[in-house]
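**Q** Next come the chains, spelled out residue by residue.
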Amino acid sequence: MKNAAKKIYIGLIILFLYAPIGTLMVLSLNASKTRAKWGGFSIKWYIALFQNEEILRALVNTLLIALLSSLVATMIGTIACIAMTGMKRQAKSILMGITNIPMLNADIVTGVSLMLLYISLGIRFGMGTILLSHITFNIPYVILSVMPRMKQLNPSTFEAALDLGSSHINAFFKVVFPDLLPGILSGFLMAFTMSLDDFIITHFTKGVGVDTLSTKIYTEIKKGIKPEMYALSSLIFVTVLTLLILINLSPDKKEKK
Amino acid sequence: MTSKKKWLSVPYLFWSGLFIIVPLGMILYYGLTDRTGAFTLENITAIASAGHAKALRLSLLLSLISTIICFLLAYPLAMILSQIQVKRHNFIILIFILPMWMNFLLRTLAWQTLLEKNGVINHVLTFLHLPALKIINTPAAIILGMVYNFLPFMILPLYNALSKIDINVINAAHDLGADHIYTFFRIILPLSIPGIISGITMVFIPALTTFVISSLLGGGKLLLIGDVIDLEFTKTSNWHLGSGLSMVLMIFILINMVLSAIFDKDGEGSML
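Going line by line, the protein sequences match chains A and B.
Going letter by letter, the first sequence gives residues 1 to 257 in the numbering used here.
Going letter by letter, the second sequence gives residues 1001 to 1272 in the numbering used here.
One or more hints might be untrue.
Using C-beta positions, here's what the derived DEER-type ranges look like [claimed, not checked]:
no. : chain 1 : residue 1 : chain 2 : residue 2 : range
1   : A       : 9         : B       : 1219      : 30 to 36 Å
2   : B       : 1168      : A       : 160       : 55 to 61 Å
3   : A       : 48        : B       : 1053      : 45 to 51 Å
4   : B       : 1168      : A       : 119       : 52 to 58 Å
5   : A       : 172       : B       : 1084      : 33 to 39 Å
6   : B       : 1180      : A       : 43        : 52 to 58 Å
7   : B       : 1131      : A       : 92        : 57 to 63 Å
In short, the hints are calculated from the structure, not lab data.
The model shown is predicted, which means the values in this text are computed figures rather than measured ones.
The beta-carbon is built from N, C-alpha and C at its ideal position, and this holds for glycine as well.
Can you build the whole structure from these sequences, using the hints too?
**A** Next comes the structure, spelled out in structure tokens:
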């Protein structure tokens, strides 16, 4: 009885979180163009999607920025974590405090502050400014997921490798890096997700004529949204879901924590 | 090796200086000057004008209610989830991050379809002979949008903090004669405070400062403080006023940062 109640509660919350997603998927298969009525089953929006250059360009921009920004953020963040282990306690906590600013600050404040920075530096708004902004808010996610791994690391193994004649770089990649990898990967994934879903910061730092999916949707909402958008986001969602299920079904390889 | 490590901090120091610290300085500069560049406090005191004060009050009220609802929904859920085996840890986190892969604007737009007068929810309610729901374009719909969008940010830190509690501590309390309610208030709740603070921050600040949810679900007539700032920057191009109002928001953010620094020293309540 008690267990059943628990399961129902989990189920209700998951229903709440996924109901809009289900709605969008149904809408993407709706032959009628309006959201208000069901005009029969159709895949025409999926076909129209691949002929809509504007949406496809926004998709390419979104993926490009998500990939590049999370890659660069992962590199800078991981290097920063390594550097922080060698720092004095005080310097380290100041740096961690700075790292927390983009996490705790409101997106709108981060967005307008970066916009003001680009204006005063005279940087032209476009893909470049979006990329710089995304790297900035992605680094903290990487640091916060690599740092716990760093703390669990045993420094003796690195020193042992050095004693046994390994070079610094070699010792790092053979000994330290494999231990950090799970943290680095989850940081990368988190950064990628955040970049993909960001609207507010992109809204303030993008140039005229450059759009990611979020900002494209925002302009479309005002003019009336095209059902191709529902089709595209359903495709993205189903792809990710399939990938995650495949990863989770594959047998666990000694990953315990 | 320590001397070499110092060089490694240069890229991040440079980056965070240029893209985190300097931009905040820019907001302070614009917020405290007028168009001619002279010092003024007018952009900040502008918050007291009728329209701005109303927007701030509405934002505070709605985000406070949303945060409380998120907490009340998420805490029992996190407790149930924390009893599931550790092996499933990553999978549980994924379930709550996954919705983010569907664009946030589209998800919020979908609530329009669900809540509309002739929407899905009302069809179900009429079918069950229940009274129809009339919350679209009201503050209640905005609250629903906030709860929906930010609930995962409450669930994850709570789940993280609760699953770290040593089961032996709880068992010891029971062995020493404490009942479930007493154990909850004396052991579980105090030990989960880092998660609670982190969850409240991660929900309250985005909810306080959002500017899209209100226009999507509130019918565009209810202005939140985020909407006002957005208008100042993108429509009227009054960056000075926009920066001044952002500084007012930053006061709330600072209070929050101080609180989380006091209660969550080791970052135990973090999301990841």
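**Q** Does the Cβ distance between residue 1180/B and residue 43/A fall inside 52 to 58 Å?
**A** Holds, since residue 1180/B and residue 43/A (Cβ atoms, about 53 Å apart) stay within the stated range.
**Q** Can you tell me whether the CB distance of residue 172/A to residue 1084/B sits inside 33 to 39 Å?
**A** The hinted range 33 to 39 Å holds for residue 172/A and residue 1084/B, with Cβ atoms some 36 Å apart.
**Q** Given the range 30 to 36 Å, decide if the beta-carbon distance of residue 9/A to residue 1219/B lies inside it.
**A** Given about 32 Å between the Cβ atoms, the range holds.
**Q** Does the Cβ-Cβ separation between residue 1131/B and residue 92/A fall within 57 to 63 Å?
**A** Given range 57 to 63 Å: holds, Cβ gap about 58 Å.
**Q** 45 to 51 Å was suggested as the range; check whether the CB atoms of residue 48/A and residue 1053/B agree with it.
**A** The hint (45 to 51 Å, Cβ to Cβ) holds, given that residue 48/A and residue 1053/B are roughly 47 Å apart.
**Q** Do the Cβ positions of residue 1168/B and residue 119/A conform to the proposed distance bound of 52 to 58 Å?
**A** Distance hint for residue 1168/B, residue 119/A holds at roughly 57 Å.
**Q** Can you tell me whether the CB distance of residue 1168/B to residue 160/A sits inside 55 to 61 Å?
**A** 34 Å, violated
The structure fails hint 2 only (numbered hints given earlier).
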